[in-house]
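There are 2 protein chains.
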Amino acid sequence: MTSPSLHTLQNLATQLRIDSIRSTSEAGSGHPTTCMSAAEIVSTLFFREMRYDPKDPKNPYNDRFVLSKGHAAPILYAAWAEAGLFPRDELLKLRTIGSDLEGHPTPRLPFVDLATGSLGQGICAAIGTTLNARRINSDYRTYVLLGDGEMAEGSVWEAANAAMYQKLDNLCAIIDVNGLGQSMPTQFDHDMDAIGARWKAFGWHTVIVDGHNVEALLAAYDEARATKERPTMILARTVKGKGVSSVEGKPGWHGKAFKKGEEADKAIAELEAHMIPGAPPPEIRKPDAHGHPPAAPPDYSKLPAPAYKLGDLVATREAWGTGLAALGTIDSRVVALDADVKNSTFSDRFEKAQPDRFYEHFIAEQVMVGAAMGLAARGAIPYPSTFACFLTRAADFIRMAGISTLNVKLTGSHAGVSIGEDGPSQMALEDLSLMRSVPECAVLYPSEAVSTERLVAEMAQRPGMAYMRTSRPKTPVLYESTERFPIGGCKVVRQSADDAAVVIGAGVTLFEALKAYDQLQAEGIAIRVIDLYSVKPVDTQSLLDAAKATGGRVITVEDHYESGGIGDAVSEAIAGGGFAVRRLAVREIPRSGQPDELLDRYGISARHVVDAVRAAVSVTR
Amino acid sequence: MTSPSLHTLQNLATQLRIDSIRSTSEAGSGHPTTCMSAAEIVSTLFFREMRYDPKDPKNPYNDRFVLSKGHAAPILYAAWAEAGLFPRDELLKLRTIGSDLEGHPTPRLPFVDLATGSLGQGICAAIGTTLNARRINSDYRTYVLLGDGEMAEGSVWEAANAAMYQKLDNLCAIIDVNGLGQSMPTQFDHDMDAIGARWKAFGWHTVIVDGHNVEALLAAYDEARATKERPTMILARTVKGKGVSSVEGKPGWHGKAFKKGEEADKAIAELEAHMIPGAPPPEIRKPDAHGHPPAAPPDYSKLPAPAYKLGDLVATREAWGTGLAALGTIDSRVVALDADVKNSTFSDRFEKAQPDRFYEHFIAEQVMVGAAMGLAARGAIPYPSTFACFLTRAADFIRMAGISTLNVKLTGSHAGVSIGEDGPSQMALEDLSLMRSVPECAVLYPSEAVSTERLVAEMAQRPGMAYMRTSRPKTPVLYESTERFPIGGCKVVRQSADDAAVVIGAGVTLFEALKAYDQLQAEGIAIRVIDLYSVKPVDTQSLLDAAKATGGRVITVEDHYESGGIGDAVSEAIAGGGFAVRRLAVREIPRSGQPDELLDRYGISARHVVDAVRAAVSVTR
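Top line first, the protein sequences correspond to chains A and B.
According to numbering that gives the first Met the number 0, the first sequence is numbered sequentially starting from 0.
According to numbering that gives the first Met the number 0, the second sequence is numbered sequentially starting from 0.
Since the hints were made in silico from the structure, they are not lab data.
Some hints could be false.
Same chains, same names: a pair is fine if it fits in one copy or spans any two.
[As the list claims (entries may be wrong)] Keeping only pairs whose Cα atoms sit at most 25 Å apart, straight-line, the calculated DSS-like set for lysine-lysine is:
#1 166 to 199
#2 227 to 249
#3 547 to 490
#4 258 to 92
#5 255 to 351
#6 514 to 490
#7 258 to 473
#8 259 to 473
#9 514 to 308
#10 285 to 227
#11 351 to 227
#12 351 to 92
#13 249 to 351
#14 92 to 57
#15 255 to 473
#16 57 to 285
#17 227 to 166
#18 255 to 92
All values reported here derive from a predicted model rather than from experimental measurement.
Between the sequences and the hints, there should be enough to build the whole structure, so can you do that?
This is how it looks when you write it as structure tokens:
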């Protein structure tokens, strides 16, 4: 490389520093010093190493860049402005309500695949964008930039394992080792050897460079591209606040903007003095392949109907596996991920049918969901699955996937006390609440096999996040194979003109409600029974109709804690009609036992439904 | 060591295998083969290495044993039966509803410090029990047994970093490397060198041994005890199902009991043939120190009153830091943990006052909460803190802390859209929901400084889990320093005999409700305003009284998503009175902007409260 183009990259780094200071000073907040340590890394990546179309950031063959250290957003925005995607003046709208240039990157911006800003997540998502290149048979590469503080997050080491296991030589990670966290030096400060030893031990090709030396960075990228069968980690030794002598390497400058006016002007003047005259303009390398690949839309009419007879005993987790395998045959975008429980969640049915689109993540739920996020961001429809209780391990990833409005279809099996003997550590009793807290996320809870299979396919066809809760016990098939289950609907499975109350359940409790129906019928009390397979969006109109028809005697019963589940969903839906809800739910920490014993002990068996109906009916309204 | 006592330990291992098979076969479920690989590790630990009083498992000077691979519960129970804590016959009640010998260990058993069964957590908790030895100035050691599959969990590497940083030479971890996960071989199978390289790189003293050789295990424990300034990891190469030839090292036997009858009998007969006659009985070493230390109860009357004047502008996060530092001076059990945000959460005030009782965890929320669990299990009162949104990173730990009913006092700062410009990745909008899903966990959400300080102390005095949500913006002090805030209460801050509606808020929205009060007052509409500082337990009677007094016009307003927060808490509380709730809450993914702009845009500002009151009043009930 001739020295003029090195000068170009050096000048660009200086310009990115200036832009990062300017935008944060204008905003009055943000993280300029975090940007300044990464300036050469970003200038060399964006203006020499990466192949992308700066006018078409969504081109599927572009190399991907994930900013795992999301608080360095200003330099990411500056790089895209410099690349010509939008005018540099826009940068001064940083962090204002009218601009998509937010404090941390979100996919409201076309060049951001997924939101970052919760540290240790970007590298997990990068596993997904990297796997996606294989899926679409492209040679695009993924670059991910981390902060050194992120290495404290366990998810980073889950990603380290996953990348090695998958032999992701199309992944290049760079850590900006500036040695300073938010409140103090990082655990390893600038001990590059200690950091390097960790990545080597995890099987990565590891390169240690001066992160402010553009030539050294370019050589490291070359080395990464030449490395086969394993990912590369570039450890770049840097100085936080580099370029402005008053803040270089100083603690107390994390997340602090230069004060607009003299302080910022002085810093910018010092940087401007670094500009090397006469450097040629940068040239951005474009990908060889181009355009958006023509994808024949999948033909969902070819999906085989569920093959069950009424009354067949099938666990919904098993029907989920069957349905997912069937779905995979008609929609090639569908992929599955699991965390060493594929023989319990039944994702192994998909693996058997589509081994190339199944990604094992061992017991590492964070990177499983993170990889799903990256895959979804690039056009796949990922179904990550594990026991529902262990999805809480990835709660922060689920939160960020929600903010990114990604097309991730989560499944949690083994819900509730009905799993029985394994005990409370394996019982999901807060998963409906967790997932209902994600805006726009569909929350599905089928009771039997036909609705499960249908809903697996509905999830794929509805853009955005979705969650399905499946159960361990076998339950009888209730519906004909032709029945349809739109997301946002419900099924009234028992009704008459004289219903004294309505009981709303899902999963195992629907069958308790049906048992209660039979018992009450024998006493001469008719009740309406609703299968609330779609907990969110919820069928407000049907619920209001049922409440009105039954004198407002509304009872919910769920294998879930009282907080945030079916009871709360129904309550919010019908509050506008002035109706209150009597909730049967698990209200204490459960214990090991047989499923039936536990349903009864924790107040959600048929007996309790009968009692609740009798109590409701006895009150004159 | 003479060979007769080696024989004793070998025989005990065989007996533990037999007991594990017997109990799981009787139960018809469980994980015998997982126990069998660990039998020599457990026999050498319990009957030679560890110092403990088998009749007093809660003795504070006992060495601690944490079963991180919680599914090996049957061998833990067998060991304590063998140690004489309870009759061996009890083991046959495994997994039945009447027995505390659950599928996975819970602290219903006196010898279990905290529940395990979600993998990768026990080693984090062990950091806490180890730190506790320092806190109480004891030489007890902590032993933690992991499965090799657990190494996929990132939390294990958070623990690896934390133990090295804290130089925990009183911690000895053992990994039972049996090479088999649930559904397939683990990522590293029996590659002991690859596993060893990881632990060495993370700074642990690492020993690789044959896990079925009792002499080698004893030598490794000796080496661990002799190692200073760093923790020791013993990597024990083992065979899953060891001792029963039909299952040894075979996949497909995870979580599968031997069938009661011939299958189990044959396995037991094979094991019984391994018994070496003439071995002497085991001798359990007791700790030198003994008994429970006399602890003078802290004198909470000495707690200084909050030092604020009405109207002072103070952020609740800052008042929390001040209150915690004050609490630390009167209660030596109080400790604090943070994750590199101590200058934002204000836990640095505690660190300054009590540097020996402050534990920095860098950006590693899982081990921060895990260590708090271990500390709480041994008598400390830990206050772990970070941004509320990042507590979701530890959601599964919080779930398990709830199951363990531990004395952990979580704090999440920077709640809601009111943080402003940093954007959605930093805004906790689901934390109230997450914490309300933990049975028995108090959920506190003060609005101003006096109540914050008082509640910090109330948390310490109420046994069990508690969560406090604090805010970033400064808010005016509302209460006199003498005011009291019992957990489970609320404050009616505005009321009259003619209130047309009640508005319930907390945190920043309480001040929006107060602004609305003033505006409506000018229009001649009186409203009641409630400060719901205790979201759980919630003051049902006061809420019902307010609902009745205001014609059932109940409005909640919260800087939180609509799901699982204040609206749902109030709704469930007053549903019994037939009252419904109109909820003002954030209902979409927010963006960066100024706090006031965001409160207004997302429907929770004074203007929206005024509109909601007007709408409610216009409906004739």
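Here's how the hints hold up against the structure:
1. 166 to 199: both (14 Å within a copy, 23 Å between copies)
2. 227 to 249: neither (39 Å within a copy, 33 Å between copies)
3. 547 to 490: within (17 Å within a copy, 35 Å between copies)
4. 258 to 92: Cα proximity of residue 258 and residue 92: one copy only (16 Å, versus 69 Å across).
5. 255 to 351: Between. Shortest inter-copy distance 23 Å satisfies the 25 Å Cα cut-off; intra-copy 52 Å does not.
6. 514 to 490: For residue 514 and residue 490, only the intra-copy Cα distance (17 Å) is at most 25 Å; the inter-copy one is 45 Å.
7. 258 to 473: Classified as between; 21 Å across copies, 64 Å inside a copy.
8. 259 to 473: Intra 66 Å, inter 23 Å, cutoff 25 Å: inter-copy only.
9. 514 to 308: Intra 20 Å, inter 61 Å, cutoff 25 Å: intra-copy only.
10. 285 to 227: within (23 Å within a copy, 56 Å between copies)
11. 351 to 227: This pair counts as neither: shortest intra-copy Cα distance 28 Å, inter-copy 50 Å.
12. 351 to 92: Answer is neither; intra-copy 51 Å and inter-copy 39 Å both fail.
13. 249 to 351: between (55 Å within a copy, 21 Å between copies)
14. 92 to 57: within (23 Å within a copy, 60 Å between copies)
15. 255 to 473: This pair counts as between: shortest inter-copy Cα distance 19 Å, intra-copy 57 Å.
16. 57 to 285: within (13 Å within a copy, 67 Å between copies)
17. 227 to 166: within (8 Å within a copy, 37 Å between copies)
18. 255 to 92: within (17 Å within a copy, 60 Å between copies)
Taken one by one, the earlier hints fail for this structure at numbers 2, 11, 12, listed in ascending order.
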